[in-house]
Amino acid sequence: MNALRRNVLKGAAGASTVAIAIAAGLLKPTQAMAAWNAPAFDAKNVGDAMKGLGVSAPADSKDILIKAPDIAENGAVVPVEVTSKIAGTTSIAILAEKNGTPLVGDFTLSGGSQGFISTRIKMGQTSLVRAVVKAGGKSYTAAKEVKVTIGGCGG
Amino acid sequence: MAEPMRIRATMAGDVADIKVLMNHPMETGQRKDAKTGQLVPAHFIQDVTATINGVAVLSANLGSGVSKNPYLGFKVKGPKVGDKVVVNWTDNKGDKNTAETAIA
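Chains as they are written, first to last, in our numbering: chain U, 58 to 212; chain V, 136 to 239.
None of these hints come from the bench; they were simulated from the model.
Predicted model only: the values in this text are computed from it and were never measured.
Among the clues, some could well be false.
[Said to hold, decoys possible] Pairs of lysine to any residue residues, derived as SDA-like cross-links and limited to a Cα-Cα distance of at most 25 Å, are as follows:
(1) V:203 x U:130
(2) V:154 x V:189
(3) V:231 x U:96
(4) V:215 x V:233
(5) U:155 x U:128
(6) V:203 x U:118
(7) U:101 x V:233
(8) U:155 x V:233
(9) U:101 x U:165
(10) V:167 x U:130
(11) V:154 x U:113
(12) U:155 x U:133
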């Protein structure tokens with residue numbers, strides 16, 4: 058009788074292990090898709106976003122040029138160009154500091170790509186647009202203020 | 136979302152200037168539908184990759200803070216006229232699109 062009891066307990070333990078494995082298996086596809094850096098993009102402030110990018114205390118650099126309008130009339134479409142003159146630039150991230158989720162994009166460059174990214178971003182309100190550049194294992198940053206007269210987040 | 140993507144690649148000296156215009160609503164998930172008052176679910180491009188003759192040159196993660204119908208411009212040193220540029224994107228719902236062009 059004791060032996061039976063053992064078996065039942067074992068069986069129960071086994072079953073729950075399987076259930077956990079299945080749950081883990083079900084979770085996997087979404088995680089696999091997240092080559093997309095969810096923690097960085099879901100971050101609600103610049104510090105957390107940088108942490109998600111694996112950047113801490115980047116050095117200010119004058120070799121990063123941010124071309125963006127001083128005043129953006131329409132926050133839904135703010136053209137931003139980032140040029141990094143730092144040799145060996147491997148990635149450029151663009152953040153709009155006061156957006157609900159500040160990280161806008163993280164661009165990884167390879168195969169002869171120059172330190173240059175041009176895109177258009179949404180800005181909820183007047184804020185600094187910050188570029189974070191990774192080069193040779195170090196990180197650098199620069200920022201430029203863009204005044205927004207009509208916000209681009211929300212309707 | 137099988138709307139076409141526009142892509143243009145031109146050589147300027149030894150640098151290829153590549154410009155891509157993707158068709159996508161880029162919903163943040165924070166906007167309310169004016170009629171129903173319901174939040175419009177987030178729907179945005181998360182991942183963009185570009186290759187030239189099969190060699191990866193750009194791999195980008197985008198957030199919902201990129202404007203509707205995203206524009207992306209980048210520059211690559213070294214390719215030649217006629218090299219094939221391929222751009223792929225994937226959004227948060229798993230939709231994909233791809234476009235290719237030859238460098239002019």
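Hints versus structure:
1. V:203 x U:130: The given pair, whose Cα atoms are some 16 Å apart, holds under the 25 Å limit.
2. V:154 x V:189: With Cα atoms ~18 Å apart, residue 154 of chain V and residue 189 of chain V stay inside 25 Å; holds.
3. V:231 x U:96: Holds: residue 231 of chain V and residue 96 of chain U sit about 22 Å apart, inside 25 Å.
4. V:215 x V:233: Given pair residue 215 of chain V, residue 233 of chain V holds - Cα atoms ~21 Å apart, limit 25 Å.
5. U:155 x U:128: 15 Å, holds
6. V:203 x U:118: Between residue 203 of chain V and residue 118 of chain U the Cα gap is close to 30 Å, so the pair fails against 25 Å, i.e. violated.
7. U:101 x V:233: Since the Cα atoms of residue 101 of chain U and residue 233 of chain V sit roughly 31 Å apart, the hinted pair is violated (cutoff 25 Å).
8. U:155 x V:233: 33 Å, violated
9. U:101 x U:165: 22 Å, holds
10. V:167 x U:130: Cα-Cα ~22 Å, so holds.
11. V:154 x U:113: Given that 25 Å is the threshold and the Cα spacing comes to 31 Å, the pair is violated.
12. U:155 x U:133: Given that 25 Å is the threshold and the Cα spacing comes to 14 Å, the pair holds.
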